[in-house]
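> Throw the hints in and build the complete structure from the sequences for me.
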Amino acid sequence: MKRAILFSLPLLALSAPGWAEQHDHATAAQVEPADPAATTTAAQQEVMDHSAMEHGEMEHGKMDMPVDQEPMAHSQMDHGSVPMPRQEAPMDASKMDHASMVDQSPIPAGPPPPEAFSAPAFAADEFVGADKMAASRASVVREVSGVPVYWFQADRAEYRAREGKDGYLWDVQGYYGGDIDKFWFKSEGEGNFGEKPESAEVQALWSHAIAPRWDIQAGVRQDLTGPERTHAVIGVQGLAPYLFELDAAAFVSNKGDITARIEGELDQRITQRLILQPRAELSLSAQDIPELGIGAGLDRAELGLRLRYEFVREFAPYIGVEQEWKVGKSADYARAAGEDPSVTNYVVGIRLWF
Amino acid sequence: MTSIDRRKFLTAGTASLGALGFVGAMPAWARGTLDGTLARRGSDVLSGDYQTMTVADAMFTTGTRRGPGVTVNGTIPGPLLRLKEGQNLVVDLVNDSSMGTSIHWHGLLVPFLMDGVPGVTMAAVEPGERFRYEFPIRQAGTYWWHAHTLQEPMGHYGPIIIDPAGEEAHSYDRDYVVMLSDWSPMHPHTIMKKLKVADAPFNFQKTTATDNYPLSGAERRMWARMRMMPTDISDVSAPLFTYLLNGHGPEDGLEFAFRPGERVRLRFINGAAMSFFNVRIPGLAMTVIAADGQDVRPVEVDEFQIGNAETYDVIVEPGAGDAFTIVAEAMDRSGMGLAMLTSRPGLRAQVPPLRDPPLLTMADMGMSQGGAGSMTGMDHGEASAGGAMDMGSMSMRDTSLLPPNVKVGPGIDMVAMNPVDRMGDPGTGLKDVGHRVLTYKQLVAARMNPDMRQPTRLKEIHLTGNMERYMWSFDGKKFSAVTDDPIRFAFNERVRVKLVNDTMMAHPIHLHGHFFELVNGAPGMHQPRKHTVIVQPGGSAQFDLTANEPGDWAFHCHLIYHMHTGMFQVVTVRPLDGGEG
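Heads up: the protein sequence lines correspond to chains V and F, in order.
If you read the first sequence in my numbering, its first letter stands for residue 2, the second for the next number, and so on.
If you read the second sequence in my numbering, its first letter stands for residue 770, the second for the next number, and so on.
Check before you lean on any hint, since a few could be wrong.
What the hints assert, rightly or not - With a straight-line Cα cutoff of 16 Å, these simulated EDC-like cross-link-like pairs (lysine to aspartate or glutamate) come out:
(1) F:LYS962 - V:GLU315
(2) V:LYS133 - F:GLU898
(3) V:LYS166 - V:ASP341
(4) F:LYS965 - V:GLU315
To be verified - Chain F residues, not near chain V, derived (Cβ > 12 Å throughout):
(5) PRO896
(6) GLY935
(7) THR1056
(8) ARG1113
(9) HIS1204
What the hints assert, rightly or not - Which bits of chain V does chain F cover? Going by a derived footprint, with three or more residues having C-beta under 8 Å, they are:
(10) 123-136
(11) 205-214
(12) 263-272
Please keep in mind that the hints were generated in silico from the structure rather than gathered at the bench.
Glycine is no exception: its CB is placed at the ideal position from the N, C-alpha and C atoms.
The structure is reproduced here in structure tokens:
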């Protein structure tokens, strides 16, 4: 049963971009476009009026015409080439909408005339040298369409004061790539000072933009502590409405275990540099994994609150508090191992990127 | 923030005044300059038929800031070219710098091979190389030149004044260039990378729990739900930029002299890489007489917004006043460039404080108020963000509104729902300033236009982007996707081009090698001719173009980091020989 639910998690996560991007279109009717027929008619009516005038000698600035009508009247003026069906519909100035009159100009959209496609493809080639221009063009295309970018961020790098032994945690990520496809890496780990790390992992992911603010990510995760495991990873990362940063991923280990993780953060600016960041993380498992102390279902929950000060955007120390709960069977495993399933951490750390 | 931090910036600026005077007097070697000579501020004047322009690396200092710059003939800005309509010009560009370079003659009608765009009309002039530009001067007015590479934000730009072959249309006693620019101590590559990886890293005017923006909780939640920022006015602003007038920072005390009773022509050129400016001279009306080098019927205003690459010539009459402040306030009001118009050296007028930062409105989201709003063409702006509440449930990205040639994907984060013509808009933040502000609708060409044919074809181009990923494009496609698929015009074709802005930023769109006529309601034969047009956020703008300059021409957003991340295309005009045999 639980397995089934958890299987659907990646799907759920994948659907995030859907609800994120598509608000209901139905209400869009609120903006009323001007009636195109009426406008066109009005325009044509105007054209007719003007075609009877002596254009060359007309002093337009002095014409006694409501200012409102000027743009359309003149821009529609007959210069000889536009066919004008005579129409008798009365002009209703009160319904005229300036902006859409300009929009609904009678000038037809269409492809360029055939001579616009005359050779050469690149005009400078013959004069400057085709090879030289090709090389120059290639470098400009690269420059203008996005040189690959690298980014490294330590979202959390912190000292954790708590009952018993104090500990540490790191949570870093970064990428290298272009606008759509990137190589993405993540690493997380924590432990107590003077002991082996409790957990440590790295992920290597291919990241592909699937929506304006969402990337799909797939790759591998290697655990570096405990019973070492390798996992296949699939997930999404991005910015949800209300500016929640979300990172959801599902993992299938080489032992067949299925787990998932959802993290969310929200930056609340108090001033331009002082930022309060609530954070939540849920870990789930499709099955008991006793050797890792993981129970099926909701395995672990964390809630944190961090207050950081951005001396510069790239460097911000913070203080905060984070509460961790092991839940259900995971809590039983923890108690059996002599650990407290609920831990409060007082944290101090830095957030940085470059 | 807002006021507290901004005051701090100002105070810091003022405090550095004294220090700077001292530091500026010391030679470069005494200040431990190891990496290049120190750039001089301000331009020398070059006139005549033959020039040499030498590009070099330099250090630049302004206020307390110091960093890498690029000079041409030793100065930032580079030399003022003072030319005469009808003359020929030969310029030898010598590259003594460490980067590839070029000069683009912004607004000049030149043969395409002389247009100076690497990858389009020439190859970049590599370090140690030379390149000869040679062309006739076919026009008069105020223009400028700049590198078409990332040297531009570092200082590689300068003004051009071309005196008409015949009479000047206006009389005046003094003629000054006021070249506006923005300079940062950070290298352009670093700026671009930070814009890519972080969310508005240079904006220190974001909404916070303690700001005093006039936004209700519900409005703030609506912006958060859309994942957009009402304060996303400028990508790079005063926390990084110093705003320069003719190379001089606000502390430098740049002066323009006048005698009581004189008429003064000021030629404003926005040579900034990333900044729109709101220009005013408190206490003095400005009569706009030319836009983008082309004479317009005089319009008296108290303020105007100038987008990147635009130029406006104004005439002011200071009368018996002592001194007036020329204020070039950045559009996001994070900082300003300053100079004094003064009747005696050292006289100072009061410097007005920065005004409160503006907020984006519903109109900037591409939502007009329906019929009533667009009817008058005036009150789009009045649809403040407040009015947008009932729009909260609407899609900000209904891609079904886009024509089929627009590529839909992660590169488009917004589609303007009802993109109305916004030429009557004075620009972000200027609707309620309480005095006369120039709009495009007020521009009327002083002379009849050379081509008054009705366009035979409409070409619609969408300005698209994703603020979060910092991707910018035309029709959803970056330059790499359209390298072999340019925007094509037939020689001498008359085309109406409609630009639809599907983003929440204003884009100054520049077409090389041509003038086009804004479809702004002016009579057809007097539509104002321009080389650059601002398309307001969520709105549209149209121009009529006679494609009478054969060749390949760059077409791009003049915000340099928009251009350099994809909002760039090539316009071809064929056949190359004009097809007349």
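> Can we confirm that no CB of chain V comes within 12 Å of the CB of HIS1204 of chain F?
About 20 Å separates HIS1204 of chain F from the closest Cβ of chain V, which puts it past 12 Å; holds.
> Would you check the hint for LYS965 of chain F and GLU315 of chain V, treating anything up to 16 Å between C-alpha atoms as holding?
holds, 13 Å
> Need the status of pair LYS133 of chain V, GLU898 of chain F: alpha-carbon distance at most 16 Å?
holds, 14 Å
> Verify that the Cβ of PRO896 of chain F lies farther than 12 Å from every Cβ atom of chain V, and report whether the claim holds or is violated.
Holds: least Cβ distance 15 Å, greater than 12 Å.
> Over 12 Å to the closest beta carbon of chain V is the bar; see if THR1056 of chain F clears it.
For THR1056 of chain F, whose nearest Cβ neighbour in chain V is about 17 Å away, the distance exceeds 12 Å, so it holds.
> Next pair to validate is LYS962 of chain F with GLU315 of chain V; report whether the Cα-Cα distance is within 16 Å.
Status holds; Cα separation ~13 Å.
> Are all beta-carbon distances from GLY935 of chain F to chain V longer than 12 Å?
holds, 24 Å
> Is the hinted pair LYS166 of chain V and ASP341 of chain V satisfied, with a Cα-Cα distance of at most 16 Å?
holds, 12 Å
> Apply the coverage criterion to the stretch 263-272 of chain V and chain F: a residue qualifies when its Cβ sits closer than 8 Å to a Cβ of the chain, and three qualifying residues are needed.
holds (count 4)
> Take the stretch 123-136 of chain V, compare each residue's beta carbon with every beta carbon of chain F, and decide whether three or more fall closer than 8 Å.
Per the Cβ count (8), the hint holds.
> Does ARG1113 of chain F sit more than 12 Å from chain V, CB to CB?
The claim holds: ARG1113 of chain F sits with its nearest Cβ about 41 Å from chain V, beyond 12 Å.
> Can you take a look at whether the stretch 205-214 of chain V is actually covered by chain F? Rule is 3+ residues, C-beta closer than 8 Å.
holds (count 5)
Checked against the numbered hints given earlier, the structure satisfies every one of them.
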